[in-house]
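Participant: One letter stands for each residue in the lines below.
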Amino acid sequence: MSGIVWLASFPKSGNTWFRAFLTNLIANKRDPADINALNFVNFSSRQHFDEALGWETSDLPLEAVNRLRPHVQEVLARGENVFYKAHEAFTHPVSGEPMFSLGATRAALYFIRNPLDVAVSFSAHIGKDVDEAIKQMNNRKAHLAASGGLRPQLAQPLGDWSWHVRSWVDAPGLRVHVIRYEDMLARTQEVFTAACRFAGLPDETERVALALEHSSFEQLQKQEKAKGFDEANRSDKLFFRSGRAGSWREVLSPGQVARIVDCHGEVMRRFGYLGPDGSCL
Amino acid sequence: MPSDPPSNRYTVYGLTVETWIPFPELQPALPGAAVDAVFRLGEVPAELADCRHRGARFQAAPGRLLAWLDKIARYLAVDGREIIVQPEAGATESDLRLFLLCSPMGALLLQRGLLPLHASAVATPRGAAVFMGASGAGKSTLAASFHRRGFRVLADDISVVRFAPDGAPWVMPGLPQFKLWPDAVARLGSTADEPARLRPQVEKRAVPFWDRFHPEPLPLDHIVFLRPSRKSEIEVDRLSGIDRVPPLLRNTYRAQFLPGLGIAASCFESVSRLAKSVKVTRVSRPLDGEQDSMADRVAAEIGL
Numbered sequence: 020m021s022g023i024v025w026l027a028s029f030p031k032s033g034n035t036w037f038r039a040f041l042t043n044l045i046a047n048k049r050d051p052a053d054i055n056a057l058n059f060v061n062f063s064s065r066q067h068f069d070e071a072l073g074w075e076t077s078d079l080p081l082e083a084v085n086r087l088r089p090h091v092q093e094v095l096a097r098g099e100n101v102f103y104k105a106h107e108a109f110t111h112p113v114s115g116e117p118m119f120s121l122g123a124t125r126a127a128l129y130f131i132r133n134p135l136d137v138a139v140s141f142s143a144h145i146g147k148d149v150d151e152a153i154k155q156m157n158n159r160k161a162h163l164a165a166s167g168g169l170r171p172q173l174a175q176p177l178g179d180w181s182w183h184v185r186s187w188v189d190a191p192g193l194r195v196h197v198i199r200y201e202d203m204l205a206r207t208q209e210v211f212t213a214a215c216r217f218a219g220l221p222d223e224t225e226r227v228a229l230a231l232e233h234s235s236f237e238q239l240q241k242q243e244k245a246k247g248f249d250e251a252n253r254s255d256k257l258f259f260r261s262g263r264a265g266s267w268r269e270v271l272s273p274g275q276v277a278r279i280v281d282c283h284g285e286v287m288r289r290f291g292y293l294g295p296d297g298s299c300l
Numbered sequence: 152m153p154s155d156p157p158s159n160r161y162t163v164y165g166l167t168v169e170t171w172i173p174f175p176e177l178q179p180a181l182p183g184a185a186v187d188a189v190f191r192l193g194e195v196p197a198e199l200a201d202c203r204h205r206g207a208r209f210q211a212a213p214g215r216l217l218a219w220l221d222k223i224a225r226y227l228a229v230d231g232r233e234i235i236v237q238p239e240a241g242a243t244e245s246d247l248r249l250f251l252l253c254s255p256m257g258a259l260l261l262q263r264g265l266l267p268l269h270a271s272a273v274a275t276p277r278g279a280a281v282f283m284g285a286s287g288a289g290k291s292t293l294a295a296s297f298h299r300r301g302f303r304v305l306a307d308d309i310s311v312v313r314f315a316p317d318g319a320p321w322v323m324p325g326l327p328q329f330k331l332w333p334d335a336v337a338r339l340g341s342t343a344d345e346p347a348r349l350r351p352q353v354e355k356r357a358v359p360f361w362d363r364f365h366p367e368p369l370p371l372d373h374i375v376f377l378r379p380s381r382k383s384e385i386e387v388d389r390l391s392g393i394d395r396v397p398p399l400l401r402n403t404y405r406a407q408f409l410p411g412l413g414i415a416a417s418c419f420e421s422v423s424r425l426a427k428s429v430k431v432t433r434v435s436r437p438l439d440g441e442q443d444s445m446a447d448r449v450a451a452e453i454g455l
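Residue numbers (our numbering), protein chains in the order written: chain A, 20 to 300; chain B, 152 to 455.
In short, the hints are calculated from the structure, not lab data.
Yeah, the Cβ is synthetic: ideal placement off N, Cα and C, and Gly gets one too.
A couple of the hints might just be wrong.
Unchecked claim - Some, not all, of what chain A presents toward chain B, calculated at C-beta under 8 angstroms:
(1) ARG65
(2) LEU72
(3) ALA251
(4) ASN252
Make the full structure from the sequences, and use the hints.
Facilitator: What follows is the structure, given as structure tokens:
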């Protein structure tokens, strides 16, 4: 099957866990895959992008690079079973221009996680306090990798958290399967198997179970502690940090919770993170 | 006899090129040098009829590479002999030159059987040290810190390797200009003037180094393969034998053009030849690392 399957998410929402699972599922080996050789790289890897483009994006302004994204995707989509990780919003949060080519896309798996937990995890990832993490999650103009000179990744427009979610799950014409991080934890085998079926991947019970064992949180963290994780930020003490749901209850102040709920209540309610009475679930 | 109109002739990567407009960033050619390649205006097709491989903004066919950028130009590199340029309305001469010296130039060098590496090269008492790596790996910044320490520089961004009749690899001089990001300019300390932007719409700066340009070829002594890393420490390991081949292939400048140009096999041969005869050290550079300690470490590794 040709066309790209996107592994899409706001950062810290289960994407890397799924990539580790997928790497192990495809390899189907007796031993766990090396976390520093995970497949399904970020679409915004500058090296991959430049290679498909034939020019260097570092010579082009950001707007020109964004307009080239769909053309580069059409080149990458020619392969068989192509998966890419993506953190950018589906449509540009400010200009509204498409960031993804529907013609180059087969489907998307969209990973969503309670934004209250995302705030805690995102804060550790970017090495800033929780207030700063919330500020970014509430900022329509938020980007990843946008500052500090020439980065190995292209700048990725995120939008605020709700924009990000809606841009993917409500994108007209996009075949998308939404996966809640909390369900990945609670009903692991069932949720991962359904994702495999949706994406046309092997879904035999034992094969999925083995890949899950090789990509369990304990396994990922054990490898990270032993040899480090190349994809971690310097600010991450551990990239695979806690791997559970609900840690916001121990970390966030009522004011911080309110700032997230005020901004994202509607999308939180839609995905079961907010009860009918407005209580956080 | 009427004399020829004044021409623009320059020397770059060991070639004498004749151009349709002045290229002030290039070194003038010696009088009487035979012209190896011509850059000229002309009509460039929108498609290559016998295209074998197409990217988002290039098409490659045996002997020909078409590459284009919206609102700049279409370029056609033909048989290693000429680059034809069809500018788009409103494109500036400085953009036409800048982009010609990237992908079209890379294609022309590959077509001539040369081995261009994505690398900067500095002159050391032991020969040329070549800092190789992808965009963002830190090769220009590292070469610029060596320049600041008094070393002469052969090339930034593209370093061309040519084998002498005895089989030894030599590095050809390129053009005396660094392309640096403002953070790199700042980390290198103050220069006399604030360097000009490479293009008004991008942050990258053009920093010429005519003062310490090394305009002659040098034997290649050592390749330092730079990899950005998110770790906090610099990591170094010496690559041996077969392990040298993948990074050299991956960092051959515009290697993605090779299959379509039909010269992948001969380029692979050059890479294997180079891998047998040169030291290659892999250095993982912390993304936010301090520049001086990086230059110290690399200098120590290459025996300076």
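Participant: Going through the numbered hints above, which ones does this structure break? Give me the numbers in ascending order.
Facilitator: none
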